[in-house]
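Asker: One letter stands for each residue in the lines below.
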Amino acid sequence: GNSVTQMEGPVTLSEEAFLTINCTYTATGYPSLFWYVQYPGEGLQLLLKATKADDKGSNKGFEATYRKETTSFHLEKGSVQVSDSAVYFCALSGSYIPTFGRGTSLIVHP
Amino acid sequence: DTAVSQTPKYLVTQMGNDKSIKCEQNLGHDTMYWYKQDSKKFLKIMFSYNNKELIINETVPNRFSPKSPDKAHLNLHINSLELGDSAVYFCASSQGTSGETQYFGPGTRLLVL
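Chain order of the listed sequences is W and S. The opening residue of the first sequence carries number 20 in the working numbering; numbering runs sequentially from there. The opening residue of the second sequence carries number 10 in the working numbering; numbering runs sequentially from there.
Bound-form chain W, shown alone:
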């Protein structure tokens, strides 16, 4: 079956630091890949997505590239802010059953 593996957190950074959260997947076929973000006390919301190999998703300074050869979709941001503190979920969706990673908590200090 499909699976998503993302790095365990928490990831703790100072403001303006560079962020990478690793995500790798196993899947049959050609799924779409997503990063969702969950702020405290809220539901998940889409951060970015990519639907085919070599596509780059980007939003709010975050980027991730769909790498089929390494089955990865790592999330990056060049300069994090305190307001980016949240839990980040990597996910894939192909046929019917969406699959989520376990989530990575990001804490950004001023």
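Rather than coming from a laboratory, the hints here were simulated on the basis of the structure. Mixed in with the good hints there might be a few duds.
Unchecked claim - Selected chain W positions facing chain S (Cβ under 10 Å, derived; list incomplete):
#, residue
1, PHE53
2, GLY62
3, LEU63
4, GLN64
5, SER104
6, PHE108
7, LEU111
8, SER112
9, GLY122
10, ILE126
What the hints assert, rightly or not - Non-contacting residues of chain S with respect to chain W, defined by C-beta distances greater than 12 Å in every case (computed):
#, residue
11, THR22
12, GLN23
13, ASN71
14, SER77
15, SER89
Said to hold, decoys possible - So the derived label-pair ranges between C-beta atoms look like this:
#, chain 1, residue 1, chain 2, residue 2, range
16, W, THR89, S, GLN104, 26 to 32 Å
17, S, GLY105, W, GLY20, 16 to 22 Å
18, S, HIS86, W, GLY20, 36 to 42 Å
19, W, ARG86, S, GLU67, 26 to 32 Å
20, S, LEU120, W, SER98, 35 to 41 Å
21, W, THR89, S, ARG72, 39 to 45 Å
22, S, ASN66, W, THR45, 21 to 27 Å
Every residue, glycine too, gets a C-beta built ideally from N, C-alpha and C.
Given the coordinates of chain W, assemble chain S onto it according to the supplied hints.
Answerer: This is chain S only, laid out in the frame that chain W set:
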């Protein structure tokens, strides 16, 4: 306008009780989901409906019963609540069943005492 809404937001109840959580989406989507999120933020899919038909039924105790009266609504009824049912339950919707973005509700925080 809230795209995906859930009621109630908080639910505190005793073991053995029966409770329901309601979900509504105004996005015109065909597919709706229920997820359970535990205290470590792990998200587990429970059920999914497409056009009112059950298409995903993961390994969930049969005390949990979803019902979709129409495409815009998906309710979750839980019988004989147990301590381990305490979690946050999220409803979500998507346009279809393959590769689409999911839109999540704000969650229902269930605490079983």
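Asker: Of all the hints numbered above, which does this structure not satisfy? Sort the numbers upward.
Answerer: Those not satisfied are hints 5, 10, 18.
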